[in-house]
Every structure is written in structure tokens, then in C-alpha cells.
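Starting from the structure of chain A, add chain B where the hints point.
Residue numbers (the numbering used here), protein chains in the order written: chain A, 27 to 404; chain B, 925 to 1310.
One or more hints might be untrue.
To be verified - Covered stretches of chain B, going by a simulated chain A footprint (3 or more residues, C-beta under 8 Å):
hint: 1; region: 1013-1021
hint: 2; region: 1028-1036
hint: 3; region: 1110-1120
If you are wondering where the hints come from, they were derived from the structure by calculation, not from laboratory data. Each residue gets a CB set at the ideal place from its N, CA and C atoms; glycine is no exception.
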Amino acid sequence: MTDQRKFNYRTLSSDEPDNLFGGAMPKALEAVLITAGALLISVLLVAVFFLSAGHQPVEVFHTIYRGAFGSWFSWQNTLVRAAPLLLTALCTAIPARAGLIVIGGEGAVVLGGLCAAVTGFQFLGAPPLLAMTAMLVSGCIAGGLWIGLSGFLRHYRGVNETISSLLLNYIAIAVLSFLVFGILRDPATLNKPSTHSIGAGNMLGTLGESSVHWGFGFGILFCVLLWFLCKRMTFGYELALVGGNPRAARLAGIPVGRVILVSCLLGGAAAGLAGAIEVVAVHGRANASLAAGYGYAGILVAFLARHNPLAIVPFAILLGGIQASGGLLQRAHDLPDATVAVIQGLIFLVILASEMMYGKLRFPRLMPFRSNTTLKAT
Amino acid sequence: MKSKITWDSTPNLPTGSSRISRRELVKKIGAGSILAASGTLSADLLAAGKVNMGFIYVGSRDDFGYNQAHFEGKSGVTSLSWVKAVDEELVPESIEVEKTMESMIHLDGTKVLFPTSFGYFDPHILKLAPKYPDVTFLHCGGLWDSAKHPKNVGSYFGYIDEAVYLSGIVAGHMSKTGKLGYIAAIPIPQVLRNINAFTLGAQTVNSNATTNVVFTGGWAKPVQEAESANSMVDQGVDVLTCHVDSPKVVIETAEKRGVYSCGYHTNNAPLAPKGFLTGAEWNWSSVYQMYAKLIAEEAAIPNLVRGGLKEGIVKSSPYGSSVSAAAKANADAARAKLMAGGFSIFSGEIKDNKGNVVIPSGKSYAQTDIWLESMDWLVAGVIGST
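Here chain B stands alone, though its shape is the one from the complex:
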């Protein structure tokens, strides 16, 4: 994985107790990528010239999905000579993860932990953080709250719906039937936001485009994913995408059935050489390298890091061979608007699929708006219910 933010191979090691200010930090990793950096984390992290990081995944490292994205991010930091990183896969969101974190702390001397699954946060990270005040816990999910949570805990997350929106534009262009298919795990705000962004993207180029949604009920249900993908294709859906832990089954089924597909989490092009259009990817290596650099410099680690395309935390997969020039042009134009800032995917008037106006005309929600994080509706054009 190539990172957007590149760093020198060796950091400037501190000569004293110098810390960079928040202002400098923001400048360093791109203005606006840090929404809140209130509170500082333990800076005493440089162990014998080595940055010692531990990564924990809930699934397997090679799932083409959520966990592989983090593993690729970890590979991004192990390529740096001054970083030592260990990782562990298939760790359940239970007391097991507490023991894994403690094991990394005790047996590997890890000082910074990246427990990447959403469910690791409460209660597991919150339970261990006060017990190990000199260890930094950085959780993927963006849940950190300065009022409630310990200072040696931090969160990072990306607005991946921006990249999903671009996938939607390409899908809307390439679909002949105007029927898109979305195979999703469970109806939670994160997932609904992606489905809505995908549909809104498609509707910018084809106002009649619809998205069929199936919730499989779990993050890793390969049998249901394959069944849903097949039944959608039988119903005339000709572009499939998904939001589950591993997109492998859905993308491969789409390829087998001869329909287009949009990837998720990582670059899924190898799974569908013919029908792959584009996809929404995480770019964790840039985030992890940013953290490694801050740790090495003993700089203050921001407690909350969030961002989208502009900040390089998410990105789109390279276009597949079948994507038309018009589709590329439209998607690239939208990308330019998102990169420039000020453009919002969720601006009124937006109706939900029950006919209620959820965002009135003239109202627009910025990507960072907390309101979007409790989304419990599906936009008009989505066939399915939460």
C-alpha cells in the first residue's frame, strides 16, 4: 500500500522534551485532518530508539476487507526501520482482547496498541487504559470523548462514505438496469451512511437509480452474502457492492454472475478482473505512519483523528478496465469537489424511502456533523428497511 503522506525514513529524534504544538501538528499532516486534539497523550513512548506498536484484528489478515486494510496499514509502518510492530488476528471482542492487549504489553513490551475492531472499545480498552497509564491505546472507530474517556486513549476514523459516494457515481453510470445491489451486515449508522452515500452518488447521474439492500445480520456471513448476491442478480441488479467484513464472497459472486462490482475496505480488483469498477478503500498506512512519526518524536498524540479523501485517510481504488470515460469524468469531478472542501454529500432536500423529508431544502450537513452519526434512515431510492 502506498501512502499519501510520506515521511522521512528516520524521524528527527528529540533533543530534549520538545513537543510540537497542535498548530504545527495540523500543518504537518494536512490542515483540517484533525478535528479535535484536545488533551495530550503520554509522550514517553520512545523505547530504545524503537517505536513498538501492536495491532489487533477481529478477523483474518487476508480477508480482502476490514482486517486486511489494517494489516496493510501495519505493513506500512513495519517498512520503517525504526518501528517494531506485532499483530494478532482473529481476536474476539471479549475478554480475549483484554488478554491480548496485556500480553502485548507484558511479553512484547508494546507501548502503543491499535485494537482495530469497533467492539474492542467499550468495555475492554476503557477497562485496561487506567491500569496501564504509560501505554497508549488508539482505537479505530472515532469514539473518544474528552469528557468521559482516559487521556491515554485515542480514536481515529475515516469518512469512507466519500469514497463510497464516488463508487455510487461510477455504478450509476455503468448500470444498464438502474438497479444496484448493496449487501450489508447490520443496520447501524455507519452502514446506513454508506448505503445512502452510494445511492445519492448513483442518483447524481441517473435519477431513477435504485439500490436493493439486504442485511445479512452479521459481519461475516459468507453463505447469506452469496445467497443475497445471487438473488439480487436474479432480480436484475447489475452492479453489486457490500459493507461486510470481507467483500470477497460478494465481489467474486458478482464476477461469476457477470455483473459489475464496487469494492470495499481494500482494493478488490484482483477478485473481479472483468467486472470491477472501483471501490472505497482505507488508507491506514498513512495514518499509522503519522502516529509512528509522532511517537518517535515524542510529540503529543492527538486523541481524535478523523478525515476523508482530502486528508488521505480514505481513497478510491483505481478504475477497472470497463469503466467508461464519462463515468470517470463525473467521478473525478465529484472527487475534486470533495478534495476542495465545502461540498457536502448530505445536503437537502433529501427524503427517506418512506417519503419523509429528513434533510430540508437548503440545509446541508458537513461531513463532520455529529448528527450524521446517528443516521437511522435510508434515502429514497433504497429498497429495503432498517
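Just chain A, same shape as in the assembly:
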């Protein structure tokens, strides 16, 4: 997934003739058109799937809409489910911009949550703002270091980061069970071993009057900040360069190892924050429920968003919506839970297949679209 076209090289290649002119379309428009087309095709495929399962597609789509976006309640349901995905998607997206495929979000979530719970127990009597900050920061640090380990192994030891981050997921979950069953266990949690509670007073609240917790706010904030970092700052430029061609980047004097490591630290910190929010806003303690698959769903979101931090927002909401409607699909149409997985899988496949369309879409000739003005330095 290190296709150069994905990254914004306009500032890089100002000397080269850019095919932006002469029929080709601006990249943002191209991405929107291709994605919209892919979504349309996947809707058709999903409709075929519903038909083959003996259901009226229009009715089922209406149910999905009702369950995901049909009312304020459904919107809240969707946003709550999108919240962790915003952050775990960043765990795959940021390293992907440096050419790495990291799938270790699940492990970072688990350890981020575990560290937040341990920190929370230490800050039981502390002022809530201090305790919450400490918990969230500790979650970020834990997740960052965990994924940073993958980046370190990749750059300095030549270990494939996809394999190492996947295996680190299993290790993280094993560490969690070991500690939760052992020294960190609250003896009162008999049949579901958990750590001690962080205290109801130190729990993160919800956004205004809604039932959507602050995790959604943090998710949006992180997506915007990291988008700014990737698109508007020197580090983002270095990231794109390393992702495009690490050897050329090294020749250009870019510290490739440091860039890879930092991208992993940032991505891991986002996923670690997702885990910390699970503890601070949802569970109040750490236990096996932390490994709920958010890390894996985040990979899907990152690829759908083509590793653009800002595009993660709509795709996380889309996926959150599909998941939110899953229950209603079961109840209203007697469809199995796997329906949600089928819909997600079809969208994923079509979006991946649509990659080949990039650079091939052109404006029709009759459109007088030619200009010699200088490019926006985006």
C-alpha cells in the first residue's frame, strides 16, 4: 500500500510536468469520485447478497439507515461505535504513510487500557482532571511504546512489522490476562477477573446531553491533528518521502529510522488512547473485554480511508453505523450477525479494487480545463 499516488507530492515535483493538467483531475476530486463510485458498487453487491438471502434489499437498506442514522438515538449509537475506530485506524494509517503495514492496534488498545487502569488506581483520591489526564497519557505512552517496538524491530533488526505487530497483539492479550488473573486482580471480581476500579468520580463523561462519551471528541481531535501533521508539516513530508522510497529519502538526508519510529509511536499512542478511553469512559477497570476487536476494525477503516487521517472520520462513522444497525438487522429481518461482516467485507474489497482507477480518470476533452497557473503548495 505504498503507492506514491496516494501521497501528496505536488510540492516535491514542482520541476516535473504534472499530469494534473491536460485532462487529469485534481487528486482530491479524483479520490472522492472513485470512493463514491466504489461505495455505490458495494451497495449494489450488498443488494445482490440480500436478494440471494431472500430479503428485499430496499427494506433492508432502510433498516440499516434506521439503525445507523435514522434518529438521534441511532446517531449516538453510531458515534459511540465509531469512537474507538477513529483512534485505532490511526494506528495503521500513520505508519502506512511511511510504508509500513502495522496491524497491532488491538495489542496497543489492550495495553493502553491496562496501563490506564493501573494509573487510575494510583490516582484514586486525586482531583478528577489530574487523574483522567494521567490515565489517558499513560495509555498513550503504553500504546506508543508497544507499536514503537514493531517500528524499532523493523528498522534496526529487519523484522517484518506486519508479522511482529500481529504477534505482539497475542502477547499483549496474554500479558493482560496474566496480570488481571494475577497481581492486579481485584479479589472482589470473582467470575470476571478485573483490575481494581478507577473510581466512579474519575470516569470520563459524555459529550453534552448525549450518550456519546468523550472518546469520540478525542478521536476527532487526533484525526485532525495528525492530518495537519501529515499534510502541513515537515514531518509529514518526510513521512511521505520515506513511504515513497526509503532509499531516496536517506540520500536526501532524511533520518529514515527516526521517521519510521516516530510514525509507529504516534500510531500506537492513538490506539493506546483508545484503550485508555475504554477504561476511563466505559468499563472503569481493565479486563478481557478490552480485546473487543477495535484494533482489527481500525485496520479496515485505515485502508478504506487510504491512510488519510481526515478521511478516517467519515469511514469510521460509516463502519460505526453499519455495526450499529447490525442488531436491528438481526431483530427485524432475522439476518445473522455475520451480515455486518459481509457488508464490511464487500465494501473493503471494492474499495481496495478501486485503487487501480487512480490516475485513469480524466475529464472529458470537451471540458476547457487547462491552466498554467502555479500549483497550490498543498
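Using the frame of chain A, we list chain B on its own:
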């Protein structure tokens, strides 16, 4: 699933605000089945002549296990014309379950929720209950505490170790090697109690019987379950049983390897036509029909319902074809004692597998004793550690 407690197909709908007293209630569902009925739940549950119930499972409806048992229980109430029931499978023990419960309340108009997985209770049910005071939350796990928990929350659970004890008796009889195998999820009190009951049952007929235990580390780890089952058979174990969410893998592996098996959660006989002996099953349809009836009559819903074989909350699977007459006779005799009451599985002297006396001679713990619910030891004869 046939239920032990049968009800009229239409309940006597109330003519006013009549409520049945606790005494009548106890009489109705079998004396002693309700240990504590302190506190009353919201009685305003009859929505337009329909009882509207929502069931939530952590796994899939057809897992031959914990979740299928609840699904069969739900099917038991949907067969009643005046009940409307919806359900949802594979709901994680996270904020998802809160949203599922709210979705059932908002979009389906459900008034009584049965979130069946243990981990749904704290914090998820406890968080939603105060927010929806006119909805009743009934949780499978027996955790409700009148001092701590809201009044519109209730718990129900069964003493399934009684049925597991009977499985142990049959297993002890049928095993030639005297080596039994138990594949368990995680070492928590509920699981340890079943392993101990199974072993104690087997030891009543073969004092040298041992139980090999493997903890897989999770409720649904099919690969580890198959590996453990195979390695146990390689070590000479000839009766396998399990306590995981879905017994499918263990029972099928036992059948494939030509050893006997005892089921868990539901009737596992279809998984092992040759080697299946018997098994411990939940009988949720009787419990759910009991609740549906109470709701329809606007009667007070007990906050805590617990019981075992006698109360019809758990039962044994029908014996498989290979079970000997002697094994059946012994198991049936023990069942009669359990049904009569007064008999305790955990009566001294019982030593743990490290040699310590955990229940001294002469001491006996009744099934309802809270002490048994913090069990952290394995009886002598169990090979394995918590």
C-alpha cells in the same frame, strides 16, 4: 426444549392492580426455587396485551453451548402467543451491549431485557438501569444484591454443578482407565465448582478416578480446546467433558477419537451419537416462561431466582446408548437424593489437590451457601492447578 414448568397458554390478565404475594409466588414455581425475593420490580410491564422481551447473547445462537441454551429458552417463550421476543447474538461485553439494550428499548419497545452474559452486568446493566426505571433488566449470573443494586434489576442462575455431579457419576462408571478429562475456560469459582462436582461424582463410584484439567484461557478458544482434547486422549483419558462457551469442538473431538463424552450447556448428543454419555443442561425455557407469566400478570418479579435440579432450572441430558445399567442406577439414585433436598455435594471431609483439608469432616455446605461461590481450590484427584 420441553419445559418442566408448564403454563396455561394464556395468563390470567389482571383485573386491577392485583399482585401476587411472595408466598403465592413461591408456591407457584415450586417451593424453594426463590431464595430471596426482597424488593419488587416494576409491575407496569404489560404493553397492549403483549409481553415484550429482549434477549442478548455474547456468542452465536447455534453454538451448542451457553448461548444456544438461552436461545432455546427464548424459543420457549416465543411459542407463547402473547409474548413478543427479539434477540441479538454476538454482542460484546462492552459499550456495544449498552447500545443494544437501548436499541431494543427505543426501537422495539422492549420492556424486559435478558442480557445473558456474565460480563454484561457490571458496569453495563448497572449503568442503564437507573436511566430506564420502567424497564426491567434480568441478568443471568445471580449477582443482584439488594443493598447495592437498583430495584429494576434482577438476577437468575442455576446450580448446574448438581447436573455435572450426575455426569461425573456416569463418567466414573464408564471410564476404563479411571482418567477423566475436563477442558475448562478460565479458573473462576463457577468453573472450579463444576470440575470439583464432576470429580466428586466420579469418585463416588471409583475412588481412584482422577480428572485432568486444562484451562484454555478463554471462553471460545476452539484451537486450544481441540489440542487439549487430543493430548488428553493421548494420555489415556477416556471420558471428556468441558466448560467453555461452545462444547462442540471438545465433544466432536472425543467422538472422533473414540472416547466417551459428557455434554454441557445443551443436549450435545447429536455431536457424538456413539460416545455421548449424558450431560448437564440449562432449562432456561422454564425460567423464561415463569418470568413471562409473572410479567403478564403484572405480578412482582423476584429480584433473585436461583435453583438446581429440583427447581427445574438445570437438568441432565438423556443417557446415551452406551451407558450401562449400573451407571444409570447410581446416577438416578443420586438425582433422587438431590431432588429430595438436604443432600449436599460439598460435605466433608474434602481435601484439595494440595493435601489441605478444605471442608472438615462433619461440615457440609448447602447448595445455596455463599462460601461455595468464592471457590478457589480443586479437590484431591484433580490433576491441574488454578
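Practice problem: Hints the structure violates: just list their numbers, smallest first. | Solution: Hint check: nothing fails, all pass.
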